[in-house]
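Asker: Sequence:
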Amino acid sequence: MSIQQNFPNTRPSLNLNFARSQKLDPRITFTRTSSATRVNSDGLIEVVPANSPRFDFDPISGECLGLLVEEQRQNLWNNSNDFTVWTKQTIGGGAVGIATTTATTSPDGNFNAYRYFVQESGSTFYSLFRGVVGISSNTTYTYSVFIKAGEISTPRLVIFDNNPGSPSFISFNVSNGTIDTIFSNASTTISTASTITNYGNGWYRCSAVWSSVVSGNAFQ
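Note that this note's numbering has the sequence shown beginning at 1, numbered continuously upward.
Be careful, since some hints might not be right.
For each label pair, taking beta carbons as the anchor points, the in silico distance ranges come out as [to be verified]:
1. 84 to 108: 14 to 24 Å
2. 71 to 23: 15 to 25 Å
3. 109 to 79: 16 to 26 Å
4. 133 to 26: 34 to 44 Å
5. 215 to 70: 23 to 33 Å
6. 139 to 102: 20 to 30 Å
7. 31 to 104: 30 to 40 Å
8. 217 to 29: 36 to 46 Å
Treat the hints as calculated values from the structure; they're not laboratory data.
Built from N, CA and C at the ideal position, the CB exists for glycine as well.
Generate the whole structure from the sequences, applying the supplied hints.
Answerer: In structure tokens form, the structure reads like this:
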């Protein structure tokens, strides 16, 4: 005895399998007013022009992740990748140094990454600060930076806000790709949604997601 199942031989009229097709159906309208970045099929970060869809790829496996769509965001620190405009600070002797932009290859494949190091021994604290911006209470912000281990393998992202004597911070281990410590003070909370993501070739994208209970100023 045989049982036959008669299902209609139909196909969907609109295929939204972006990861497999890696293109948009011509019936879909896509707009974006500015350029944006993505990880391409070579595992490198590249800039995509305005109004061009971004098909994102895993930087390690090379697998297509589909169409990248993000909510609108505002960059509060322009030109933050230029470390020559950052302020250096040390406590306890020593000095912070920044080499030229030819230290190693960046996640975008260009040989333009900065090297951050201590010029003299004996420094107990060394840091870079970038600008002061106004922040609003109960608003989520994100600090992020690409870091590759060199002389320093456990960097911190520090948030100086209305409680400068005890700033919040998150420390990352860029040797093994883990988050070491999260410390939040009374006014600023760093979220456990903070991440460290492997981008290959020793590079990690370290992100601190945080919010403040009061409005005021903050700097990174």
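Asker: Against this structure, judge whether each hint is valid.
Answerer: Hint check results:
Evaluation of the 14 to 24 Å hint for residue 84 and residue 108 yields a pass: the beta carbon distance comes to about 18 Å. In this structure, residue 71 and residue 23 meet the distance hint of 15 to 25 Å, their C-beta atoms being roughly 23 Å apart. Between residue 109 and residue 79 the beta carbon distance is about 20 Å. The supplied range of 16 to 26 Å therefore holds. Distance hint for residue 133 and residue 26: a CB-CB separation of about 42 Å, consistent with the stated range 34 to 44 Å.
Between residue 215 and residue 70 the Cβ separation comes to about 25 Å, which falls inside the hinted range of 23 to 33 Å. At roughly 38 Å, the beta-carbon separation of residue 139 and residue 102 lies outside the given 20 to 30 Å, and the hint is violated. In this structure the supplied range 30 to 40 Å holds for residue 31 paired with residue 104, their Cβ-Cβ distance being about 37 Å. In this structure the supplied range 36 to 46 Å holds for residue 217 paired with residue 29, their Cβ-Cβ distance being about 41 Å.
In this structure, only the earlier hint numbered 6 is contradicted, and the remaining ones agree with it.
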